[in-house]
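K.L.:
Residue-level listing of the chains:
Number of protein chains: 2
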Amino acid sequence: MNKKLSEAVALFEEVIMYGTERIIRSFEHQIFEEYSSEQLQMLQIISKSEHISPGKLASLQGVHKSAISNRYKKLETKGLVTTVDSDEDLRGKLIALTDKGHDVVSMFNEVIYEHVEKIVLDDFQETEIDEFLRIFRKLSTILKTEGDRK
Amino acid sequence: MNKKLSEAVALFEEVIMYGTERIIRSFEHQIFEEYSSEQLQMLQIISKSEHISPGKLASLQGVHKSAISNRYKKLETKGLVTTVDSDEDLRGKLIALTDKGHDVVSMFNEVIYEHVEKIVLDDFQETEIDEFLRIFRKLSTILKTEGDRK
Chain A
0 MNKKLSEAVA LFEEVIMYGT ERIIRSFEHQ IFEEYSSEQL QMLQIISKSE HISPGKLASL
60 QGVHKSAISN RYKKLETKGL VTTVDSDEDL RGKLIALTDK GHDVVSMFNE VIYEHVEKIV
120 LDDFQETEID EFLRIFRKLS TILKTEGDRK
Chain B
0 MNKKLSEAVA LFEEVIMYGT ERIIRSFEHQ IFEEYSSEQL QMLQIISKSE HISPGKLASL
60 QGVHKSAISN RYKKLETKGL VTTVDSDEDL RGKLIALTDK GHDVVSMFNE VIYEHVEKIV
120 LDDFQETEID EFLRIFRKLS TILKTEGDRK
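If you're matching them up, the sequences are chains A and B in order.
Residue 0 is where the first sequence starts when you use numbering that gives the first Met the number 0, and the numbers rise one by one after that.
Residue 0 is where the second sequence starts when you use numbering that gives the first Met the number 0, and the numbers rise one by one after that.
The following block holds chain A by itself, in its conformation from the complex (with noise of 0.2 Å):
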């Protein structure tokens, strides 16, 4: 069993790691000059929830706060995020997209299905697909849940 676990990490990072520089490199498109991959991934970790605060953003990307600081900044001056004000939360202001930032989030999802689309027809079947998604709608639930407990 160790053994096998150690291999699904192995090979997860290693299916994160060569589908980025696939994605990246074979789509010469238009949002990759214009947005570094750190940047888009901001946005999208924004858009999965409506608004979200700095700090949670910093944990979820793995990163200082300040680091998240001057990512909003450039993506402000691009005019894609904005600050709204917090309910729960009186210390702070909270991160959200705007449309513009939405335009940019659906255009770097749609590269990336595409991209997926023509690995996976060609390659998986579909019992294969539901096999992945039973896995990971269990894994994002777990993990989801634990990232709640403080």
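Derived by calculation from the structure, the hints in this document are not laboratory data.
Treat the hints loosely; a few may be bogus.
Heads up, the list lumps identical chains together, so a pair's fine if it works in one copy or across two of them.
[Said to hold, decoys possible] Restricting the straight-line Cα-Cα distance to at most 25 Å, the calculated cross-link-like pairs of lysine to aspartate or glutamate (DMTMM-like) are:
hint, residue 1, residue 2
1, K3, E130
2, K55, D98
3, K55, E113
4, K143, D121
5, K92, E6
Put chain B on the given structure of chain A with help from the hints.
P.N.:
The following block gives chain B in isolation, referenced to the frame of chain A:
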């Protein structure tokens, strides 16, 4: 099928995002105070090949070569990476891990592994791990092969 694929992509992204947060936050581990997650990711990518060109590294991390050069300098100051002469590529040097670099990667992998083990042993059956391995071996092979085609 389209809907399933979209869900698969979204779930994969969520697992990366919440997995990163969980591993970094819940482990008050020394290596996360000493090294940023980007530095750890770079060390890990180098460790997957014996040595690697700065260009390939930039491509795998999805950043510009200038970012790699900055990260390299920081890691070199910490004694974790070094350069070696390339047999194939006369133009440039390749980046390799030092012994200390290998130690940091091993420690990082252990931290990740312990976390995955905790999640998986409670909630997943061995047959699910087997299915995960089967899907990810295939995905990794496809992505690697495509990555080699220039």
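K.L.:
For K92 vs E6, is the C-alpha pair at or below 25 Å within one copy, between two copies, both, or neither?
P.N.:
neither (42 Å within a copy, 30 Å between copies)
K.L.:
At 25 Å max between alpha carbons, let me know whether K143 reaches D121 within a copy, between copies, both or neither.
P.N.:
For K143 and D121, the Cα distance is within 25 Å only across copies (16 Å; inside one copy 32 Å).
K.L.:
With identical chains treated as interchangeable, where does the CA-CA distance between K3 and E130 reach 25 Å or less: within a copy, between copies, both, or neither?
P.N.:
Classified as both; 18 Å inside a copy, 11 Å across copies.
K.L.:
With identical chains treated as interchangeable, where does the CA-CA distance between K55 and D98 reach 25 Å or less: within a copy, between copies, both, or neither?
P.N.:
Classified as within: same-chain Cα gap 22 Å, cross-chain 35 Å, threshold 25 Å.
K.L.:
With identical chains treated as interchangeable, where does the CA-CA distance between K55 and E113 reach 25 Å or less: within a copy, between copies, both, or neither?
P.N.:
Result: close only across copies, 23 Å inter versus 30 Å intra.
Checked against the numbered hints given earlier, this structure breaks only hint 5.
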